[in-house]
Amino acid sequence: MTTFAVTDPRAGVAGAAASADAAEEHALDHYGFLASAIAGRRVAVQWATPAGNLAYSDGRSIRVPPLESPAVEDVWMAITAQAALIGAGSLHPSMLSALIGRPALARRYLYLEMLRAAHLLANRLPRAFTERPELRVLPLSGSAQESFEVAATHRELPQPPAYFGRILPLVALRSAFSEGGWAALSRKQQQGRIKTAEVAELDEDDAGESSALLRLFQNPFSGNAVSDMLNRILGAGISKQRREAGTDAGDGGAELSVGRVERALRRGIHAVRSTLAVELPNVEGVAGPAFVYPEWDVHANAYRRDWVFVEESDAWREDGPQDIASLLGTAPMELRRQLAGLGVDQEMHRRQPDGSDLDLGALIESAIGMRAGHSPPALNVYRASRRTRRDLAVTLVLDISGSTGEQPSAGDSIFKKQLQAAYQLGQVFDSLGDTVAMFGFHSWGRKLVRVVRVKRHDERWSLRVAERMALLEPVGYTRIGAAIRHGSRLLHDTMRLPHRLLMLVTDGIVYDQDYELGYAAADASRALADARAAGTACVCLSVGSGTDTDKLCDVFGAANILAVDEVAEVTARIRTVCRDALAAVSKRRFAVP
Amino acid sequence: MARDQETHVTSSYIASGQEKIIFKAAWDNGLPVLLKGPTGCGKTRLVQTMAEELGLPLFTVACHEDLTAGDLVGRFLLRGGETVWEDGPLTRAVRQGGLCYLDEIVEARADTTVVIHPLADHRRELNIERLGESLVAPPAFMLVLSYNPGYQSVLKDLKASTRQRMIAIELNYPSAEIEERVLMQEVHIERNLAARLVRLGQAIRALKDEGLSEGASTRTLIATARLIKSGVAPGMAADVAMAAPLTDDPMAAKKLREMARVYMSGE
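Protein chains in written order, with this note's numbering: chain A, 1 to 593; chain B, 1 to 267.
Please keep in mind that the hints were generated in silico from the structure rather than gathered at the bench.
Some hints here could point you the wrong way.
[Stated by the list, open to error] Across the chosen pairs, the derived CB separations fall in these ranges: (1) Tyr303(A) / Met251(B): 43 to 53 Å; (2) Glu170(B) / Ala529(A): 23 to 33 Å; (3) Ala168(B) / Ala529(A): 25 to 35 Å; (4) Asp391(A) / Met251(B): 49 to 59 Å; (5) Asp74(A) / Arg191(B): 22 to 32 Å; (6) Pro245(B) / Ser431(A): 30 to 40 Å; (7) Gln185(B) / Asp391(A): 34 to 44 Å; (8) Arg575(A) / Glu170(B): 22 to 32 Å; (9) Leu78(B) / Asp391(A): 33 to 43 Å; (10) Arg575(A) / Met251(B): 16 to 26 Å; (11) Gln185(B) / Gly329(A): 46 to 56 Å; (12) Glu177(B) / Arg350(A): 37 to 47 Å.
C-beta: ideal position from N, C-alpha, C; glycine also.
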């Protein structure tokens, strides 16, 4: 049993540091599987901040209050309860919007839903949970909707016990924006006109969560709640950024705003995209493009011929090379081991000591030898099919658009994680004898997709690779289809080996001028389909870009995606992903009729 | 097995659906069977049980990537100055009229599986090219294939020409209720403990996108129950027999251990 140190406000900084240590020590990560298994989807478990006294969930994570002396049982019971709510669909946005600002109703709804969830998920809930006397009651409702209806009546219901936690509708809705939470708000709520009667019912608990979002809805002066909210999310500086970008196109100012827009996009507010101008650098003065690619127009259901211009360039950044030495280092041995078996194929070998068949030539030779009085050193007279290494060409395509450079609150940026992953993979493939090429890409509209060479396919692996990586700069946008086509062409026309692997390292945020959402996804899918048809295996690696990989899955197919939080996690699954992708294309080519 | 004979338990497989009836009907009609299902859900157990019930010898081949047609049918070996033919398991099963079980058939290469084609359709014959011999299978002979569509689905798939010769029986982990019965029958544990184990199993199976290749199988539940019966603490048993075999990732193992502890608590 452990006790959690409650910070005394007078203890000052030292006390806060101690409690941070304690929080680290009592991290709730290890409850992740428990919560995810019950919820039926990936759910994180974290300490609640600021401390309340009841656990709650936003549908993606479960927040547990740091109790003064949390019994272990209290912690997992609270987690189980919230996970069960997620698993039973109680936190669905369509239900939550009606609970905003009505805590009493929310508590009654919570009670009814917990009974329903315990019953519905009984087969995968811990017995110690379902055996609780409060939960050994038959549910009063058969669906979340029904629970809501019963909760709205005057029927007497018991108070939910503390371990049920609570439902905070705004918290859950806020995180569910990308899943349609915005749409779930009624039109009136979207326009910012929540009835005062509803708001008046707010108790102290819920006032804490109402925050800027609720105030936004209530603001009578707000002409357009969406844009107003965006201003808050994007920060007040957005219009200034735009002004700057206008006078000095293509500089860091424009990039900064991209980062911010991307951040807003992550929150799921797609509608905004078209309202923000894409600032392009001056295209004139750039040497003629070296490559021209078509692009798939999903609306016309046809290719746009000679549509995208790709130029190759060397890595360069104004502020000189970054210090990334600590990032690169040597790849772990385990990664080497995992990748060693790729590109290996069955081959028939002659003159083997054993095998499925006799090797007649060798047999006759040794028979003659024996009759002539020689005793052969070994009877290598069989033919055997063995797995032997064939040639594998790998092209690593690195997304170096502005969105990857965003600095998260803790840890390295996606950009740095991507560099590290790409470097390790390239190094391992190279040391295994495969042909490796590596380039980064970013774009400013269809007329300028820039491919930054990191390693040429015919170049030995050397310190130069790391030096060029240090000169990469995360700026610009992501025209992913062109990058895939360029990588595929490099593999197919220049490297020309029987096994080809295109590995795209990206944060999954695809955006460029006139290149977004459905159009971009369709173009990328098309580029991948073309590459695969030409016998190139394509996989996508996403490091540290969170769990929003659904869109990537649509484009790449779930089997060809490896999405991890940390570079170290790449090792565990990289082999399966690459092998499946390689096998899928080789099956197509060598299919036995 | 010895225990089974003493108590005259011939059938230890508890059917979740119609699988035993279909299996028997397929045997009656000389049709080969394809068993699909995740690891440890009882594919092999079903075959063993059916072989016992039908009174047939069982020839099992665990298929692997390097398995060749020669490994199934037979091959010439060199003994002294002579070559000697040796029957493979498939040929022996045909000659003796038994049940030939090719476990994890997708692991074998496509060109290997082609040798079973003439056996698996109306001809029911095995051509032994190298002997110039063609064996017609007796009525008692039956071909059973198993495979696990869950993993390596992109990499490995059965050819359509092989699949379409088969009666496909899809197995899955049994429902909670049947799984409890399986545990109680196999290990003779009391219902309460069985229910806890089954819930843990069901919960682990509900984990998606966590990097676990498959969920905890019925086989691992049985192993856990056996350990508990031998006096290992329930939380520990669930950890070593169910959680730890699923992953090598220390963080995932820790999370699974926590699950095991929660589900087995109060025992």
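Status of the hints after comparison with the structure:
1. Tyr303(A) / Met251(B): 43 to 53 Å: holds (45 Å)
2. Glu170(B) / Ala529(A): 23 to 33 Å: Holds, at about 31 Å.
3. Ala168(B) / Ala529(A): 25 to 35 Å: 30 Å Cβ-Cβ, so the 25 to 35 Å window holds.
4. Asp391(A) / Met251(B): 49 to 59 Å: violated (36 Å)
5. Asp74(A) / Arg191(B): 22 to 32 Å: holds (28 Å)
6. Pro245(B) / Ser431(A): 30 to 40 Å: With Cβ atoms ~32 Å apart, the hint holds.
7. Gln185(B) / Asp391(A): 34 to 44 Å: violated (54 Å)
8. Arg575(A) / Glu170(B): 22 to 32 Å: holds (29 Å)
9. Leu78(B) / Asp391(A): 33 to 43 Å: holds (35 Å)
10. Arg575(A) / Met251(B): 16 to 26 Å: holds (19 Å)
11. Gln185(B) / Gly329(A): 46 to 56 Å: Taking Cβ atoms as reference, Gln185(B) and Gly329(A) lie about 54 Å apart, which means the hint holds.
12. Glu177(B) / Arg350(A): 37 to 47 Å: Taking Cβ atoms as reference, Glu177(B) and Arg350(A) lie about 58 Å apart, which means the hint is violated.
Of the numbered hints given earlier, the model fails hints 4, 7 and 12; all others are met.
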